[in-house]
Amino acid sequence: MNARLLAFLLLIPSLLSAQGFAGLGTATEDFATPQRPAIFDFPKDHGPHPDYRIEWWYLTANLQDADGTDYGLQWTLFRTALAPGQGDGWSSPQLWMGHAAVTTPDAHFVTERLSRGGIGQAGVTPDPFEAWIDDWQLAGPDFDTLTMTASGPDFAYDMALTAQGPLVFHGDDGYSVKSAEGQASYYYSQPFYDIEGTLALPTGDVAVTGQAWLDREWSSQPLSEDQTGWDWFSLSLGDGKLMGFRLRQTDGTHYTAATWITPEGQTTPYPDGAFQAEPLATTDVDGRDVPTRWQVRLPDRGVDVTVDAINPQAWMDTSVPYWEGPVTITGSHTGRGYLEMTGYD
Amino acid sequence: MLLTVTDLTKTYPGPDGDITVLNGISMSMGAGETLALTGESGSGKSTLLHLVGGLDQPDGGTVEIDGTDIGGLDDAGRAAVRRDSVGVIFQQFNLIPSLTVASNIAFQARLAGREDRAWNDSLANRMGLTAQLTKYPEQLSGGQQQRVAIARTLAAKPKLVLADEPTGNLDEATADNVMSLMLELVAETNAALLMVTHSERLAARMGRRLHLRAGQVA
Amino acid sequence: MTRTGLLALLSHWRRNPMQLFTLIVGLSLATALWSGVQAVNAEARASYDAAAETLGEGQFAQITHPSGTIDQATYVALRRAGWQVSPVTEGRLDGIRLIGLDVLTAPGGLGPVDLSNGDLTVEVMLNGVLFATQDTLDRLPPVDVTTRAAPDVAPGVILTDVGTAQRLLGLDGQLSRLIVAPIQPVTQPPLADIAPDLTLRPPQAGSDVARLTDSFHLNLTAFGLLSFAVGIFIVQGAIGLAFEQRRPVIRTLRALGFPLRRLVALIAAELLVLSVIAGAIGVGLGYIVAAALLPDVAATLSGLYGASVSGTLQLRPEWWLSGLAIAVGGTGLAASASLWKLARMPLLASARPRAWAMQAGRGRIWQAVAAVALLALAGLLAWAADGLVAGFGMLAALLIGAALALPLILDRVLAFGASRARSVMAEWFWADTRQQLPGLSLALMALLLAMAANVGVSTMVSSFRLTFTGFLDQRLASEFYVYADDAEQAAALREYLAPRVDKILPIQSANQDIRDIPSEVFGPTPHATYRDNWLFLQSAPDAWPRIEAGEGTAINEQLARRADIAIGDTVTIGGTAFEVLGIYGDYGNPIGQALITEATFEALFPDITPLRFGVRMDPADVTPLSIALRDDFGLAEANMINQAGIKAFSLEVFDRTFTVTGALNVLTLAVAGFAILMSLLTLATMRLPQLAPVWAQGLTRARLGRVEILRAVLLALLTAALALPLGLALAWTLLAVVNVEAFGWRLPMFLFPWDYARLAVFAVLAAVLAALWPARKLARTRPADLLKVFSNER
Ligand SMILES: Nc1ncnc2c1ncn2[C@@H]1O[C@H](COP(=O)(O)OP(=O)(O)OP(=O)(O)O)[C@@H](O)[C@H]1O
Ligand SMILES: [Mg+2]
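Chains as they are written, first to last, in the numbering used here: chain D, 1 to 345; chain A, 1 to 218; chain F, 1 to 794.
Just so you know, these hints were derived from the structure itself, not from any lab. Please read these numbers as outputs of a predicted model, since none were measured by experiment. Any given hint could turn out to be false.
Claimed, not checked - Straight-line C-alpha distance at most 27 Å; calculated DSS-like pairs for lysine-lysine: (1) F/K788 x A/K159; (2) F/K788 x F/K777; (3) A/K135 x A/K157; (4) F/K788 x A/K157.
Can you build the whole structure from these sequences, using the hints too?
Listed below in structure tokens is the structure:
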């Protein structure tokens with residue numbers, strides 16, 4: 001899902017406004033591009049792919065404390081390459097960016113880290129799995145059993161994750177098409193983590209439990225040049241999980257795609273148009289109008305729900321700003337989920 | 001003769017060529033003589049007085065004081081004449097504003113190097129200025145100022161006193177009073193007095209009278 | 001009708017172009033002085049800001065290692081422990097300071113370099129780009145890296161990526177220091193747990209490099225303030241003149257039925273236009289002045305403090321706007337009083353300028369009370385208060401009080417002179433001079449302030465010079481200094497030098513916090529060099545022998561003052577307690593310093609190998625030795641310093657300082673002289689009634705003219721006599737109050753009688769020049785004009 005296309009060439013603000021979101025729509029030059037059929041090699045593919053321009057390890061979680069209060073959590077490591085190849089020391093073209101956030105119903109804590117590749121300050125090793133930037137870490141003996149830490153100036157967390165199901169692959173067995181012109185990425189997820197741990201907030205420590213969803217995606221030009229941003233949903237709907245996104249295009253039309261995931265981990269991909277998402281209400285977030293209540297439909301599965309932000313002010317005020325936060329689901333189904341919206345700044 | 005003026009001429013540059021203000025004036029005065037100079041406004045009375053007093057230079061003719069032709073003198077020479085031989089009293093602004101009355105009275109006499117303190121005191125006394133000696137000119141009335149000017153002039157004991165409407169700014173009674181004092185003192189020091197006046201009454205109190213018309217003695 | 005009125009008003013200027021000229025020149029000069037000083041100031045400040053931004057000094061905490069090198073692995077370990085630090089690798093590239101930063105983590109980015117261009121940022125990280133001013137780039141030897149002119153980078157500094165810096169300097173994997181981001185995560189272990197040998201130096205409010213350079217800056221600021229005061233006086237004079245001269249025109253216009261309000265509006269509009277024109281000319285002049293001075297100022301600052309100022313002047317809106325504001329505002333201020341008077345002037349008031357009355361008693365009493373109160377306040381502040389604000393408050397009170405007191409003091413002096421006068425001319429001279437005072441007092445106040453500023457600033461700069469050269473003798477006692485790049489080279493160097501010189505004195509230092517104050521500890525070899533040249537401000541008996549025996553330490557004045565340490569107190573260095581046996585002056589150093597003897601130093605800091613050496617030798621052999629070192633030993637030219645060279649350079653720097661202060665001195669005096677000229681011209685028209693009776697009673701015009709000049713000389717001399725103590729008080733305040741408050745050290749004050757005498761001569765010269773023209777005019781007044789005083793109402 002494109003939605004996660006948060007790249008951070010971003011260090012390069014001029015590109016932000018130029019084409020697409022955060023430079024993701026620019027030409028690929030010498031980078032490798034995703035090919036069909038997608039063939040994965042694990043655990044190696046949990047590690048980085050330096051010949052592709054952009055890649056991420058993107059984890060979101062819906063949490064609850066003992067009182068039933070909802071929390072959202074995000075841990076993301078982005079890799080972006082200025083040129084293909086790993087490179088050495090300071091001259092490595094690989095750059096890393098970490099985003100961490102905790103969302104409560106009335107507060108949103110965000111922090112960001114940046115690092116050059118090649119000097120050991122940030123990176124990912126597949127086996128045993130470790131993804132890190134500075135003191136943040138997502139690591140474990142294998143991809144199913146992980147611990148996760150992050151810290152910022154006003155919050156920190158320390159979590160443990162255990163996968164309760166298999167990896168799932170989006171699109172055509174992990175080859176995920178992002179536009180009518182055929183831009184694509186490699187994209188798989190682990191949507192079945194049980195998660196528990198402690199949030200250290202300014203108001204004190206909070207013990208929480210819940211479900212987490214980890215996205216892995218890499219590509220070199222996932223966005224078409226006429227796409228300006230996306231709205232991405234990961235929804236837990238009781239009888240299944242739904243991942244769907246909507247790419248907004250300059251002519252006002254949308255490109256959508258979705259994956260239906262059964263509790264056993266079987267997937268059904270949906271082509272453009274099957275998944276529909278329409279904004280119902282917007283919220284003024286720091287001077288921007290951001291849709292924070294949505295009508296989401298997947299008629300093929302009888303899904304017709306209203307999605308509401310738990311905290312409409314979940315704005316990520318980072319190098320590349322975007323909205324990311326937990327949501328509640330009502331309508332044909334109920335549940336919790338995560339919403340990400342880019343291109344509204 | 002104390003003062004001999006011969007064929008004196010003076011012209012001023014005007015907008016349409018030169019204007020001849022004095023055109024061949026001749027006259028003379030002896031010691032102790034008093035002479036009233038009368039004439040219409042603009043007839044050249046003040047101009048004549050200035051030339052006689054070494055305050056300005058003629059264009060032609062001579063002014064002799066005590067046998068010296070002051071026309072041939074340079075700036076410094078004329079300044080010496082003003083200081084040593086003549087005393088001038090104008091209608092206004094005779095006094096040095098930064099000096100006290102006493103210093104004003106003594107000024108010219110001291111400049112000429114012949115200060116006589118006793119004489120100064122008696123002048124101040126007779127002019128009724130004893131109470132004003134430490135005051136500054138601007139603290140005095142017009143009549144008082146003119147009396148200081150007269151005292152100042154006579155303190156230096158000049159041979160020739162020149163006065164240009166000295167009482168012109170004063171009321172009649174004050175003018176008469178000042179005039180009397182001046183005549184008295186001039187007589188006492190045996191100085192000659194040449195006075196410009198518009199007043200028939202004052203002119204009548206003088207020994208002689210000279211009337212100017214169109215730059216000439218009428 | 002407005003048009004007619006305007007034409008009548010303007011016709012005055014057409015008939016008296018000289019008056020218009022003086023008005024414009026007066027205003028322009030005041031503006032030029034102000035904006036010139038401001039331009040130099042603004043430029044210097046902007047350069048400091050650039051330098052501060054470039055170096056990140058002061059505003060961020062720093063982490064250092066005593067050896068000066070931090071392993072890159074340690075940096076990564078710190079990051080992975082949660083320390084938000086950013087790496088810096090710096091060194092000299094052919095003598096030019098090269099600073100490498102990491103654009104991703106540096107809290108200030110790449111300083112003033114604009115990285116909004118994405119391709120450029122990529123280029124910086126991938127291939128390397130050197131950013132520096134064009135001047136700096138021109139001095140750079142050819143390198144295999146793209147260079148780019150960046151005007152806001154501090155001069156003499158190259159900014160680049162840390163990786164590029166490591167490569168160019170041959171320092172792979174080595175960092176010089178770490179910058180600590182101001183915001184750190186909540187979970188952060190203590191530094192000692194991760195890297196026990198690193199030192200965290202907190203951002204030092206009050207003693208960073210920028211504030212140190214402010215010492216010189218203060219000088220300029222004081223000048224700026226004084227030039228402002230002088231400027232206001234001169235504007236006041238110019239406007240007063242314009243009004244006095246046009247009274248007849250104004251009266252006539254009103255008598256003819258021109259409405260007063262419209263007249264006032266017309267004059268105000270006319271003055272606005274004139275002041276804008278004059279202000280613009282002044283700003284232009286100021287720019288020229290500043291441009292002429294700036295290279296020297298830049299050299300002065302970089303030489304003195306190592307802070308660079310770029311040698312080119314930019315038209316900064318803050319100073320040209322302030323220049324225009326001074327011209328217009330000053331004119332408005334000065335004109336409002338005159339316009340107010342005009343508005344209240346009865347229609348038939350005398351058109352003749354009022355002869356100066358004896359000053360109204362009450363106004364004088366108030367002026368006296370204000371002057372005494374301000375001077376008392378200054379005294380009180382000097383005695384009782386501390387703090388930088390109090391120091392400046394004291395300066396202001398002192399200057400304004402003195403300016404207000406000036407006419408009163410002069411009046412008393414002249415009255416005394418009059419009472420002692422023997423001759424009639426002397427009596428008149430004193431009395432008449434006294435009468436001129438009210439009309440001249442503004443100009444004389446300007447002269448007083450200009451002279452006091454000159455005395456004060458030149459005393460300060462000269463004292464600084466003497467102190468500093470003494471200090472150089474102390475610190476650069478060795479004839480020759482050499483630097484090794486690493487320990488290996490250091491050993492080879494010692495071996496090479498040993499048979500060739502008298503004595504090698506290693507210079508080794510370690511960074512330490514002493515009583516929580518960042519300090520450096522030095523461990524000199526016991527040698528006569530130190531005993532002879534390091535003079536203590538305070539010391540215990542036998543200080544040197546005891547220090548050499550390892551019994552104690554000597555510390556610098558900064559440390560003593562800041563930590564309130566006295567002789568006999570104990571300080572801890574490297575975990576060992578030392579008695580403080582001496583306190584020495586350490587001018588210009590922002591941080592603390594302590595000396596312990598070599599053996600003790602080596603015991604406490606075994607890891608530190610000295611890389612710098614002072615070499616005692618015959619000065620005549622320095623040049624051959626340095627050639628041998630270069631050709632034979634292969635030591636880089638940049639690693640050798642000839643002490644005589646440094647001293648010569650320091651003196652040269654001071655001489656440039658003198659050029660600047662000297663030029664500003666001449667300029668302020670010139671402006672004050674111009675103020676006198678204009679005041680005299682104003683008075684000249686009113687003086688005829690005062691002079692005519694004297695002339696009529698037997699003085700020549702030439703003599704009157706000479707007396708006028710004599711009067712100006714007298715007033716200038718009297719003002720100079722008063723300016724001297726005022727200037728010395730000013731200098732004392734700057735050196736002993738403001739400097740201590742700002743920088744933590746007191747500059748000893750020296751007196752320079754010859755300089756003061758020369759200044760007095762200049763002041764008199766300025767006054768004579770100012771009086772010359774009016775005096776000449778007086779000497780040439782036609783008798784007819786003098787006679788008019790007596791005959792008709794003018
Ligand atoms: N400085 C001068 N420049 C040009 N013309 C002058 C000057 N002084 C006087 N005059 C002219 O010379 C003429 C004589 O002037 P003067 O002052 O001698 O007259 P006056 O007889 O004293 O008149 P009044 O009785 O009004 O005082 C007048 O027409 C006057 O305008
Ligand atoms: Mg007349």
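Worksheet item: Straight-line Cα separation of A/K135 and A/K157 no greater than 27 Å?
Response: Holds. A/K135 to A/K157 sits at ~23 Å (cutoff 27 Å).
Worksheet item: Has the given pair, F/K788 with A/K159, been kept, meaning a C-alpha gap of at most 27 Å?
Response: holds, 25 Å
Worksheet item: F/K788 and A/K157: Cα distance at most 27 Å?
Response: holds, 26 Å
Worksheet item: Between F/K788 and F/K777, does the CA-CA distance stay at or below 27 Å?
Response: holds, 17 Å
The structure agrees with every numbered hint stated previously.
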